[in-house]
Amino acid sequence: MPELPEVEITRRGLLPHARHRRIIGIVIRQPRLRWPIPGNLATLAHNQRILQLDRRGKYLLLQLERGTIIIHLGMSGSLRILENSEPAGLHDHIDIVLDNGSCIRLRDPRRFGAVLWSEPNEIHGLLANLGIEPLTDEFDGEYLFRATRTRRNSIKAFLMDSRHIVGIGNIYANESLFHAGIHPGLIADKLSLRRSAALAQAIRETLNRSIAAGGSSLRDFTGSDGNPGYFQQHYFVYGRATQPCLRCGNPVRLQRQNQRSTFYCPHCQKK
DNA sequence: AGAACCACCTGGCAGC
DNA sequence: TGCTGCCAGGTGGTTC
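The opening position of the first sequence corresponds to residue 344 in the working numbering, with each subsequent residue numbered one higher.
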């Protein structure tokens, strides 16, 4: 489920349990994620304190004293804090064992996630070409307008391209375009300055609303049977094909776009 | 340079 | 009940 809000909720949920703790071991049960987990990760991270937990786009960054553990949740990944003695499930691929008897455990059934290592002062290749963070002040209508000027693909594909903007996946691209009243098939460089401002605002509000909703159940990050706090959300268009638009009542339409499902209201969203 | 498509993997669900 | 086919929240690499 992880797009920017889910990763941010994960970060906030883990933070109080992980920060200032020392890593005393790493248990790798299944190294074959999107890329192999480095075989020497336990050695690299051993005995180091977790100084900070950052997020860049959909990547979580465990900043250690000398290096960084980079975690991506892929399509199906989730992280929880558990007692180290808690038995691991089928898809629990790696534990980062902490010095207080707990561990950070990654579950990822589809194994599209990643756990990688970055040396101090190294800019990892995966992070090197990432675009703007949509929740920063620099991201506004003018920025979006300028960034789309020469882009001839659809605005939806543009929003989902992490080289331009990070953190917006299929769900929040659909939802943001709905809230801005913009048709997902609009060619990006046809977006007016005025509508760029509406879209930038819709993106911020959609992401922030979702973070606020998920943040209300952060306590679920601890304990053996809790789900990460982002499990239940309702959407305006995503997953609602043929159902009435919550604004105008006309049926929500489903269309394939760049091999992804695109949901929109043909009445509320115009090219 | 930029856009379109494929691949990686498993689980869940609809339809038969 | 069990099989088949299709779908899924991401994204780097390849091809055009």
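Misleading hints may appear alongside valid ones.
[To be verified] What follows is a list of derived Cβ distance ranges for each label pair:
#1 Q544 - W378: 33 to 39 Å
#2 N496 - H389: 42 to 48 Å
#3 R552 - N383: 38 to 44 Å
#4 G474 - A584: 25 to 31 Å
#5 S419 - L536: 35 to 41 Å
[Claimed, not checked] For lysine to any residue, the following SDA-like pairs were computed, each having C-alpha atoms within a straight-line distance of at most 20 Å:
#6 K614 - E429
#7 K614 - H577
#8 K613 - E481
#9 K614 - G528
#10 K613 - F488
#11 K533 - C591
#12 K613 - T585
#13 K533 - I554
#14 K533 - C588
#15 K613 - C588
#16 K613 - R495
#17 K614 - A545
#18 K533 - R552
#19 K614 - S497
#20 K614 - F579
#21 K533 - F579
#22 K613 - I530
#23 K613 - F579
#24 K614 - L470
These are computed hints drawn from the structure, not numbers from a lab.
Beta carbons: idealized from backbone N, C-alpha and C, even for Gly.
Flag every earlier hint the structure violates by its number, smallest first. 6, 7, 8, 11, 13, 14, 18, 21, 24
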